[in-house]
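A.B. asks: Below are the chains, spelled out letter by letter.
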Amino acid sequence: MRVVLAEDLFLLRQGLIQLLEAYDFEVVAAVDNGRDLSAALAEHRPDIAIVDVRLPPTFTTEGLQAALQARRDIPGLPILVLSQNVEQMYARELLADGTGGIGYLLKDSIFDNDQFIDAISRVAAGGTAMDPAVVAQLMVSHARDEPLGALTARERHVLELMAEGCSNMAIAQRLTISEGAAAKHISNIFAKLMLPQDSDSNRRVLAVLAYLNA
Amino acid sequence: MRTTGTLTDALGAWRARARRAGADMAVGAAIAAGSMAALSLFLVTAYFVILFVIGIGAVALPIVTKGVRWLCNLNRRAAGRVGVPVAVPYHPEPPEFEKDIVGWMRRCKWILMDPATWRDLLWLLLNTAAGMIGLVPAAVLYYALEGLAVGAGLWQPILDANGSGRWYCFITVDSWPSALLALAAAGGLLFAWLWVSRPALKAHAYFTRFLLGPAERTVLASRVRHLAETRSTALDTQAAELRRIERDLHDGAQARLVGLGFTLGAVERNMDRKPEEARRLLREARESSVLALRELRDLVRGIHPPVLAERGLADAVRALGIDSPLEVVVEADVPGALPAPVESAVYFSVSELLTNALKHSGADRVEIALRHEGDVLHARVADDGRGGADLGGGTGLHGIRRRLATFDGTLDISSPVGGPTVTKMEIPCALSSPKTSSS
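Top line first, the protein sequences correspond to chains G and S. Each residue of the first sequence is one higher than the last, beginning at 1 in the working numbering. Each residue of the second sequence is one higher than the last, beginning at 215 in the working numbering.
Derived from the structure by calculation, the hints contain no laboratory data. Treat each hint with caution, since some may be false.
Stated by the list, open to error - Have a look at the derived ranges for each label pair, beta carbon to beta carbon: (1) S/His-440 with G/Lys-192: 57 to 63 Å; (2) G/Ala-183 with S/Leu-505: 46 to 52 Å; (3) S/Pro-309 with G/Met-139: 50 to 56 Å; (4) S/Lys-488 with G/Gln-69: 48 to 54 Å; (5) S/Asp-604 with G/Lys-192: 38 to 44 Å; (6) S/Glu-587 with G/Phe-111: 35 to 41 Å; (7) G/Ile-177 with S/Glu-587: 56 to 62 Å; (8) G/Ser-178 with S/Lys-488: 32 to 38 Å; (9) G/Met-139 with S/Asp-512: 17 to 23 Å; (10) S/Glu-498 with G/Leu-175: 22 to 28 Å; (11) G/Gln-69 with S/Pro-555: 31 to 37 Å; (12) G/Leu-175 with S/Pro-555: 46 to 52 Å.
Note that this is a predicted model, so its numbers are computed, not measured. C-beta atoms are modelled at their ideal positions from N, C-alpha and C, and glycine is treated no differently.
All chains, please: the whole structure from these sequences, using the hints.
C.D. replies: Right, dumping it as structure tokens:
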């Protein structure tokens, strides 16, 4: 799988390249600023772009802006955004175009290699990967909303995992339950939140997030 | 129809003008009356000041001064009414005087050491003459009315009694043609009356400001006092903040990193002998590093929130709203970049107010408005909760006030029991370069 990487800190960039190559990804370009990122994306058309939110020269949200622009230029380009901090505002901006292939993770998550690689694959395949911190915050801000209150504790947990981007199988593994049980929880949640049933996992997550963002 | 409208408008404008002239005339007359009082007050005060110098008079001085200041403040207000604001220049009264002779003497000293006291006295003396300008509108009106009366026919009985005409405004009124001329002159004067009051009052207001306004030295002194106070507050706050950061680092991330070193040491030792144990320790080490990172992140967020650095105040406040369980509506009109310290102060103040609204007010909805206008940043936070917030009560609101005071900013809170709570903050500050992107 071909990857374009944008990260301004040298150590982190080298570490990421090593990690990705250890898992048989091909890093076709590794850049350290937003302008080079746009150029690299246009040139290589990678399978996924891994982008740091904060990039030179402004050290504001240059990476995020470059990523959003790239999505407009190359529709459906999978992008995984990494950040030292997660802001719901940025998560919403990334999800705003309503197509999949978006991930937004804390840099810490790199430490858990398997989960990180899993997130990359999910995003590259058109799914989503939201950091648990974003999802937890989303749940807090909507805790007072009526339909969410109707969920049981287990169902809330399942909803959180769905929002992070987990598949039925992944949810079953994380909660150590059978896949059938997970599917049952999910259809209960859909019923309680009055969301239309849908087998496509990516659209499922986006529907959940769209509901939470409302 | 349109003509009628214009006519009504014009009539309304004239009526308003006449009403204003009438009110100004009354104020002018009051000023003139006050100038009479000014003379007696001057004499009395001067008398007691002299008596004070030779030993007695201390008893009456503070009481007389009260009257002087009252009269002067009235004139200051009258000046403000015609658009010449005059600040009150007196040294602030000490919080408390002893109830005995020492206290009374300190009170006299407080009065006599204030340059404003002496400027008041000079004003009293000069105002005896200058105050008479306040009578000008009344005099003009009287003269105009007299002309109207004479011209309307009063000249006839006067003529009969004296055998000669009566002078009115350069006109000897002894026949109907001359009476008509006098009427015209009186009409002109009546017309002029509408315009004469304001300038007369203004002239007096400038005179008042000249003597009763704060002297430059006083303005500077009070400014220095204010700056010294806010500087020491700012330093205290900053020192406390540094202590907090140091403590958080020492007890948090630093301790975790030390622990991490220990764990890795153990891993090194167990690597070959007990690989299972080593693996467990490594997992622990990773978790510990994640925790250390989280603590560092929270610390950074407390010092300077990344979203504020990345997006500026408006979006940072929006982000606060998104994170809050309350329904938060943010309206922002800040067409440029604010100074970073101001931005940070307002951000943390709004954050504190949102927390208050969530914790104490029982509100469902909070409206936040940010507006930069005339080199002042206005921030308004309003919730629909049960109110009853008290500036004296919590340390939070007091903290916000002190935070803003460093920038000459003010906090104004209205929170009647039963709600709603509306907090207004104002911080003077200039905008730098207009923001290039806000998307």
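A.B. asks: Which numbered hints turn out to be false for this structure?
C.D. replies: 2, 6
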